[in-house]
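**Q** Use the sequences and the hints to build the structure in full.
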Amino acid sequence: MNALTLPSPLRALLRAVLLALFAFAIFGPLLNLFLWAFAERWYFPSKLPLEYGLTFWYRVFQPRGNALASLGTSVWIAVLTVFLSLAVAVPAGYALARLKLPWRSAILLVFLLPQAVPNLPVYVNIAQVFYQIGLNGTIVGVVLVHASHGLVLAVWIASAAFASVDVSLEEAARNLGASAWTCFRTVTLPIAAPGLIASAIFVFLESLDEFTGTYFVGVPDVTTLPLLMFNASMGGNYQIASITALLLLIPSIGFMLVVERFLKADVLAMVGR
Amino acid sequence: MIATDRLKANPSYLSIEALTVAYGATRVLDRVSLGVERGEMIALLGSSGCGKTTLLRAIAGFVRPESGTIRVGGKDITHLPPEARETAMMFQSYALWPHMNVADNIAYGLRMRGWTKAAMAARVADMLKLLQLDGFGPRPVTQLSGGQRQRVALGRALAIDPHLLLLDEPMSNLDYKVRLELRHELRALQQRISITAVYVTHDREEALTLSDRIAVIDAGRIVQVGAPEEIFHRPTSAFVAGFMGADNAIDVTQRDDGTLLAAGGGPGARVRAHFRSDSARLETGSTPSSGPDLVLSGTIEQAVYIGQGYRYRVRTPGGDVWVHAPDRVPEGTPACVVVPRQAVLLFPPEPPDSATTSAMRPAA
Chain U
484 MNALTLPSPL
494 RALLRAVLLA
504 LFAFAIFGPL
514 LNLFLWAFAE
524 RWYFPSKLPL
534 EYGLTFWYRV
544 FQPRGNALAS
554 LGTSVWIAVL
564 TVFLSLAVAV
574 PAGYALARLK
584 LPWRSAILLV
594 FLLPQAVPNL
604 PVYVNIAQVF
614 YQIGLNGTIV
624 GVVLVHASHG
634 LVLAVWIASA
644 AFASVDVSLE
654 EAARNLGASA
664 WTCFRTVTLP
674 IAAPGLIASA
684 IFVFLESLDE
694 FTGTYFVGVP
704 DVTTLPLLMF
714 NASMGGNYQI
724 ASITALLLLI
734 PSIGFMLVVE
744 RFLKADVLAM
754 VGR
Chain R
6 MIATDRLKAN
16 PSYLSIEALT
26 VAYGATRVLD
36 RVSLGVERGE
46 MIALLGSSGC
56 GKTTLLRAIA
66 GFVRPESGTI
76 RVGGKDITHL
86 PPEARETAMM
96 FQSYALWPHM
106 NVADNIAYGL
116 RMRGWTKAAM
126 AARVADMLKL
136 LQLDGFGPRP
146 VTQLSGGQRQ
156 RVALGRALAI
166 DPHLLLLDEP
176 MSNLDYKVRL
186 ELRHELRALQ
196 QRISITAVYV
206 THDREEALTL
216 SDRIAVIDAG
226 RIVQVGAPEE
236 IFHRPTSAFV
246 AGFMGADNAI
256 DVTQRDDGTL
266 LAAGGGPGAR
276 VRAHFRSDSA
286 RLETGSTPSS
296 GPDLVLSGTI
306 EQAVYIGQGY
316 RYRVRTPGGD
326 VWVHAPDRVP
336 EGTPACVVVP
346 RQAVLLFPPE
356 PPDSATTSAM
366 RPAA
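Chains as they are written, first to last, in our numbering: chain U, 484 to 756; chain R, 6 to 369.
If you're looking for bench data, these hints aren't it; they were derived computationally from the structure. There could be a bad hint or two in this list.
To be verified - One side of the interface only, derived from the structure: several residues of chain R facing chain U at Cβ under 10 Å:
#1 R62
#2 A65
#3 T92
#4 S98
#5 L101
#6 W102
#7 R116
#8 R118
#9 L171
Cβ coordinates follow ideal geometry from the N, Cα and C atoms, glycine included.
**A** This is the structure in structure tokens:
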């Protein structure tokens, strides 16, 4: 009897075990996070926390706790990053989608480069340059670093979103009296909007989670939530680290649900074209 | 030039002179000249890639011509941007904006012209009534059927009261039955509001039923312009004859007295005879006396049932010809194809190397 013809109860059992392993791999760390967020005391030999409570939540959310301040900084940086990325991605994406540029695919590839090169040496170099021109430790510096990452997603998705707008829709507008700009404003942009919103969300989440670049360029003056989490866990305060991690999860999960509705198949089909 | 002088003396409403359009080294339109009178519907007929759509897009301003002029009502619009031309185009895909409802689609051109809300609403209502779409205003265009979309696209184009209505194969995405219906509706509407219209199609039946005149285009040139009856019955070239359905082409001999013989049947000049398979008749009995008609004898190679009868491929010494007949005749039967003299269109014989009539010719 070979593996393919296992009797059905055995096959069901095998499937259940595999599923459980998968679930554990994915949700196990999350569960640990939850336990730590509500653990008051948890020492080495115990398998589970000795005491549960909300003391650390209180500490995180108290007015002089810096968790809320760094949450504010994180969101502010993410919003600025989104604006900067879209300011570049909308015209660039439109040009890449519409104009017959000779190096189209090469240009798209260039935007991928920051992802291909190992991050650490790049950020060390950026930090050095930023230090010389006084951008180290500033919000602007951090936003620039985040945008270099966010632009990949933004430009790729924006150009896909514009490519999925049929040219004849624009021609119809021009034909009925719209100038090139009015046509873009009233036809192209509204139709491409779902794709652009999706790319904005990706950039926002990417910025919110970003650690390495912020660490090299922002510290010590700019403290974002991931940096706070890092400091807390380095200091052995797993409760604070877990609570910040949970806070970071909220926008991620919320936006993922939204993105799923905005990114339609016709846009996805155009990615990288 | 005489032609130019005539145009200047009595200019057409839409007048195109020596228009040349090139994509890179390929000439898509080669010195095309055409006049369309006010209130006239002209069909641009040709196979795909012949340049008919390019001509339409040049009139709309989407294609920049290399040389030549386009005038509407005496005004040179050759170098105006599309939005300044007062032409309204109906696209093959309809190009309705999916983020707007029916009313907003129709009102778009009016909004661009700064109409008030009340005036726009009244105009949209008029259009919906004209196109029998009453009450469809608030519907999203994505929920309409093909025929309804086509009407909305027409309404959107007509709402601005354009100088020219440009139609780019607007029926090609519809079912055959809907197409027949809308064809007559469109023609009636065009005549009622007497709008000047240019209609691009590759469907000869559509061109014949819809238009006042037809311009047949082949390889970037207009090869014949005329009323549908004229184009159909008196094509001036073998290409037009073939395109208008004279699908049989065979070399024959013309004697000095004008009568026609199968090739090699006697002394005379070699000519190319074109005729429609439904204008010839199939004789399976004794060989009919020749008289003035063209008689081609051969054997039946293939029979195809076509509903009203059969379509036969008859192998003759000069080549295969198709003929329609009401009755079933078995393959292999010796038969004669008799073509009435007035149904035969004669053209000079084809030079041996010009098999590709409609292929793109190099720029002259």
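**Q** Each hint needs a verdict: does it hold in this structure or not?
**A** To see whether the hints hold, each was checked on the structure:
1. Evaluation of the R62 (chain R) hint against chain U yields a held restraint, the C-beta minimum of about 8 Å falling below 10 Å.
2. Among the interface hints, the one on A65 (chain R) holds; its C-beta lies about 6 Å from the nearest C-beta in chain U, closer than the 10 Å criterion.
3. Because the closest C-beta pair between T92 (chain R) and chain U is about 7 Å apart, less than 10 Å, the hint holds.
4. With its C-beta approaching chain U no nearer than about 5 Å, S98 (chain R) sits inside the 10 Å limit, and its interface hint holds.
5. Evaluation of the L101 (chain R) hint against chain U yields a held restraint, the C-beta minimum of about 8 Å falling below 10 Å.
6. Because the beta carbon of W102 (chain R) sits about 6 Å from the nearest beta carbon in chain U, less than 10 Å, this interface hint is met.
7. Among the interface hints, the one on R116 (chain R) holds; its C-beta lies about 9 Å from the nearest C-beta in chain U, closer than the 10 Å criterion.
8. Because the smallest distance between the Cβ of R118 (chain R) and any Cβ of chain U comes to about 6 Å, under 10 Å, the interface hint for this residue holds.
9. The closest approach between the C-beta of L171 (chain R) and any C-beta of chain U is roughly 8 Å, which is under the 10 Å cut-off, so the hint is satisfied.
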